[in-house]
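Asker: From first to last, the protein sequence lines are chains A and B.
Here the first sequence is numbered in our numbering, starting from 10 and rising by one per residue.
Here the second sequence is numbered in our numbering, starting from 10 and rising by one per residue.
Just so you know, these hints were derived from the structure itself, not from any lab.
The list makes no distinction among identical chains, and a pair is therefore deemed to hold if it is satisfied within one copy or across any two copies.
No farther apart than 16 Å at their CA atoms in a straight line, the calculated lysine to aspartate or glutamate pairs in the EDC-like style are these:
no., residue 1, residue 2
1, Lys165, Glu213
2, Lys216, Glu226
3, Lys87, Glu62
4, Lys302, Glu230
5, Lys302, Asp237
6, Lys165, Glu154
7, Lys209, Asp237
8, Lys249, Glu79
9, Lys216, Glu230
10, Lys209, Asp236
Keep in mind that this is a model prediction, so the values were computed, not measured.
Number of protein chains: 2
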Amino acid sequence: MSTVGFIGLGAMGGPMARNLLRAGHSLNFCSRRREVVEEFEALGGRHAATPAEAARVSEFIITIVTADAEVGEIALGKNGVIEAAAPGKLFVDMSTIGPQTVRTIAAALRAAGMGMLDAPVSGGPGGAAAATLAIMAGGEAADFERCRPIFQAVGKHLFHVGPLGAGQTIKLVNQLIGGGIMALVGEGFALAAAAGADLKAMTEVIKKSSGNSTLFEARAEKFVLADDYPPGFTVELMRKDLALALDLAQALQVPLPVSAAAFQLYTAAMHQGRRGDDFAAVAKVCESAAGVKIAAPRQS
Amino acid sequence: MSTVGFIGLGAMGGPMARNLLRAGHSLNFCSRRREVVEEFEALGGRHAATPAEAARVSEFIITIVTADAEVGEIALGKNGVIEAAAPGKLFVDMSTIGPQTVRTIAAALRAAGMGMLDAPVSGGPGGAAAATLAIMAGGEAADFERCRPIFQAVGKHLFHVGPLGAGQTIKLVNQLIGGGIMALVGEGFALAAAAGADLKAMTEVIKKSSGNSTLFEARAEKFVLADDYPPGFTVELMRKDLALALDLAQALQVPLPVSAAAFQLYTAAMHQGRRGDDFAAVAKVCESAAGVKIAAPRQS
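Start from the sequences, fold in the hints, and give me the full structure.
Answerer: Here's what the structure looks like:
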């Protein structure tokens with residue numbers, strides 16, 4: 010069993026940290042929220058005041074937070090992981106950030122004698138709770154193997170996909186496809202509502218047709234048709250991930266007209282009070298732009 | 010067992026007609042292609058010179074062709090089905106056409122004493138061969154029930170989704186989502202190729218992640234990664250279906266920015282020699298626009 014530092018006990022990190030404890034790993038966690046500290050101390054975790062303190066007493070240091078800047082601050086800032094850098098310690102960032110940020114942080118840590126993996130995940134809070142996440146890791150193969158017992162405690166599908174940054178590149182492509190799919194579903198529901206179609210019947214048909222997807226199965230009926238968007242993976246997070254994908258595409262001179270159009274809808278959703286809703290709420294933008302009600306099935 | 014007139018023995022209609030014969034139905038088919046006539050006569054079908062002649066000797070008349078105008082000509086044109094219209098006969102169009110065209114044709118047939126269902130399908134030539142198609146039918150419930158034994162011979166998932174035209178509305182939404190998904194997949198592969206990602210590994214990861222879909226599973230590895238686009242459901246057909254969806258949206262004043270962007274890529278694919286390729290070849294437009302090779306995995 011390993012000693013794991015953990016920073017970012019949120020919607021994803023919280024259940025992941027619980028699964029690490031459940032699997033028998035030692036947890037040195039950072040949190041500024043009293044209820045989180047109390048919960049994880051009660052579960053047997055040890056509270057660390059700073060990332061540096063967590064790193065000092067851990068072999069692996071996992072971060073799963075929101076933004077590039079946050080990961081940079083935790084890794085390289087004052088009281089950051091780098092202050093405790095030592096050979097054999099491994100920084101494992103499981104956030105979704107830009108691959109270039111990964112390489113910048115990894116270079117600084119390497120200069121201080123410490124390794125890094127980028128290991129973003131897919132599966133959302135539900136997958137985190139059930140320990141069924143997909144994990145796509147970039148970095149040295151040996152580091153990936155060292156992390157395998159940790160990854161196995163939080164995920165089900167483990168992939169070493171290439172060198173540093175490769176995990177993030179693949180994650181961003183997954184988000185670009187997934188974010189686009191929910192936008193298409195929103196457009197489809199808006200069109201069908203305008204045409205007076207039976208939206209419940211349509212949902213059943215599409216589940217058995219070529220337009221089906223993992224996201225359609227998880228969200229079309231439960232969220233879009235129910236007009237209920239409880240916070241899970243939020244509009245704000247999806248918009249952030251699409252922005253990272255478009256930033257990467259811009260740097261590499263890759264035109265992405267479909268994904269860019271989807272991004273605009275998530276941006277509009279932010280301004281329509283949907284920032285904290287599940288990202289399927291992009292359908293609400295399509296609904297209001299079409300002047301229809303998606304959640305009110307009629308016969309045409 | 011029923012007597013079925015059948016017009017449109019193509020990539021979809023051919024295997025469907027074979028399945029009807031296999032199930033024991035009588036087939037009166039129209040075709041101008043000698044090899045088709047020979048094949049279906051050998052299978053026990055009876056060749057009819059015109060749609061009117063097929064309709065005269067059949068209770069059900071199925072069409073599955075490409076365009077609105079073609080269905081209109083077969084139904085209402087010279088030597089068309091309408092010339093044999095009689096109470097109890099049912100015109101079943103399984104093509105993908107606009108819901109307004111369905112209503113126009115149905116009104117003319119009804120005035121001549123004959124009923125109609127719109128019953129488009131999903132599942133492609135593979136689903137047609139395996140008799141696993143999804144069938145989404147609009148029209149009278151009683152007519153749908155009369156057709157059930159016929160539909161069961163060619164499909165697996167049978168849905169009565171509402172009044173005339175409702176089948177087509179739902180089919181167009183399915184196409185809008187599916188066409189958009191393949192465009193997103195093309196963009197994702199182009200971005201990943203530009204970033205130097207391992208595209209084979211990416212394909213495996215996405216299959217276990219939130220970006221997965223029926224189309225990704227069927228086409229990402231087999232077509233996009235293999236750089237092989239054998240004609241199945243073609244670029245030309247997908248572009249036609251998306252045009253129908255956008256026409257409907259225009260009439261109903263529904264903005265579809267994401268789907269409209271996808272449509273542009275299929276239009277571009279037409280001009281890049283991809284008209285007759287499987288519609289996953291939309292990825293080739295993304296590839297050439299990004300100046301990359303999708304089918305050449307490298308490590309980044």
